[in-house]
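Line by line, the protein sequences are chains A and B. Counted from 1, the first sequence has number 135 at position 32 by the numbering used here; the numbering is strictly sequential. Counted from 1, the second sequence has number 153 at position 125 by the numbering used here; the numbering is strictly sequential.
Rather than coming from a laboratory, the hints here were simulated on the basis of the structure. What you are looking at is a predicted structure, and each value in this text was computed from that prediction instead of being measured. Some hints could be false.
[To be verified] Straight-line distance between alpha carbons at most 16 Å, and here's what the computed EDC-like set of lysine to aspartate or glutamate pairs gives:
#	chain 1	residue 1	chain 2	residue 2
1	A	K126	B	D189
2	A	K128	B	D180
3	B	K49	B	E141
4	A	K128	B	E186
5	B	K243	A	E118
6	B	K244	B	D180
7	A	K128	A	D146
8	B	K173	B	E190
9	B	K244	B	E182
10	B	K261	B	D214
11	A	K126	B	E186
12	A	K128	B	D181
13	A	K148	B	E190
14	A	K148	B	E186
15	A	K128	B	E182
16	A	K126	B	E190
17	A	K126	B	E182
18	A	K207	A	D157
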Amino acid sequence: MFNKDSKEIITKQAETIIGPQIKVKGNFHGQGNVTIEGSVEGDIKTTSFLLVGDKAVINANIEAKDAKISGETKGNIKISGYLEITSSAKITGDIEALELSIEKGALLNGNCLMNKNKIATSPTNS
Amino acid sequence: MHIYIYDNPLSQKKYDKILAKIETKITDLGLNGRIIRLGPMNSVFNAVENEIKKGAKTIVSVGSDNLFSQVLNSVAMLKAKNIYNNNLPMGIIPIGKENNDIAHCLGINSEEEACNILSARRIQQLDIGQANYNYFLGQAIISTKNTVMVIDDEYTLESNDEGEIRVINLPIKNKDVPESDVNAVDNQLQLLILSHNNKKIISRKKNKYNLFRFKKLVILNKNEPVIIDGSFKITTPVEIKIAKEKINLIVGRNRKF
Chain A
104 MFNKDSKEII TKQAETIIGP QIKVKGNFHG QGNVTIEGSV EGDIKTTSFL
154 LVGDKAVINA NIEAKDAKIS GETKGNIKIS GYLEITSSAK ITGDIEALEL
204 SIEKGALLNG NCLMNKNKIA TSPTNS
Chain B
29 MHIYIYDNPL SQKKYDKILA KIETKITDLG LNGRIIRLGP MNSVFNAVEN
79 EIKKGAKTIV SVGSDNLFSQ VLNSVAMLKA KNIYNNNLPM GIIPIGKENN
129 DIAHCLGINS EEEACNILSA RRIQQLDIGQ ANYNYFLGQA IISTKNTVMV
179 IDDEYTLESN DEGEIRVINL PIKNKDVPES DVNAVDNQLQ LLILSHNNKK
229 IISRKKNKYN LFRFKKLVIL NKNEPVIIDG SFKITTPVEI KIAKEKINLI
279 VGRNRKF
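When you get a sec, could you build the whole thing from the sequences and use the hints?
Here's what the structure looks like:
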């Protein structure tokens, strides 16, 4: 399971860090942990953990194994494991996750799907 | 046979004493070989090519990072052209304290230590980066201003802050990068984007820098060149990737990777 301590370790081990001053356009496909604090337009895919910081602005469809979202995202989010949405998050789009937590104050405009059978068949290995 | 390539500035009289000391030490260690003294009109590539064809067993650059970069490029180009296929080791004898960051990274901090390291012959095979037709051991650098990077033909990166972009193979003079992250043996280059605003307070925990791994990177900037290993300037577009060729380097025990 994905507890708070393990999340912090994963964040520190991020292989890709997109800072607040960075603008990414296109299809970003990573295999390691990814931290985003800047802006992204396009698609984001990672087979590991994705952290979207509270200053991040994302216009993209997101696919990841696990994710913690604190920033602004526009696009569909598909998480094959655990999705944590914090109070500062502003999400416009549909979300799919196997496990989900939403903190008080978060904004979510979209459909939410938690179908274990469907999620289990969507690994993000490409 | 050991081939010692002397950098052009070493023909100045002020270096006579130190070169004599090195030559004595080399003789004492039984590492005698041929000395090639470069003049302003000599080509490093031609010198290296001739010596390899004659059967050189080790090529040692005696001088600065700049000479080492030229020797590295010559050896890698000859390997790429299949002029030779063996694993010819390269060595370094740094002269002076300035402009010898590559030697320091390899754990070679003085002329005398360099001779002992040549004698110990601790050989390590390392990745090298390729920027268009040039090769580098350490890093390629360009300013973030007006620079666009295309990564793996998939996405583009731009920085809004003024700062520096570094494509790193080996952490030469990179106090900002955890050394374990870049080591020239993992067949990967790392892209690091530093902002001048936060350059002094960079820490991995605070995520004050931007870090990417990639297979191929294209750098575009109409105004500024890419500088590789502090020695060459290349105008953009510059395509950077890990070269197919590897190099064998004689390294010190106290190398930084």
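Evaluation of the provided hints:
no.	hint	result
1	A:K126 to B:D189	holds, 11 Å
2	A:K128 to B:D180	holds, 13 Å
3	B:K49 to B:E141	holds, 12 Å
4	A:K128 to B:E186	holds, 9 Å
5	B:K243 to A:E118	holds, 14 Å
6	B:K244 to B:D180	holds, 5 Å
7	A:K128 to A:D146	holds, 9 Å
8	B:K173 to B:E190	holds, 6 Å
9	B:K244 to B:E182	holds, 10 Å
10	B:K261 to B:D214	violated, 26 Å
11	A:K126 to B:E186	holds, 5 Å
12	A:K128 to B:D181	holds, 11 Å
13	A:K148 to B:E190	violated, 28 Å
14	A:K148 to B:E186	violated, 19 Å
15	A:K128 to B:E182	holds, 9 Å
16	A:K126 to B:E190	holds, 13 Å
17	A:K126 to B:E182	holds, 14 Å
18	A:K207 to A:D157	holds, 15 Å
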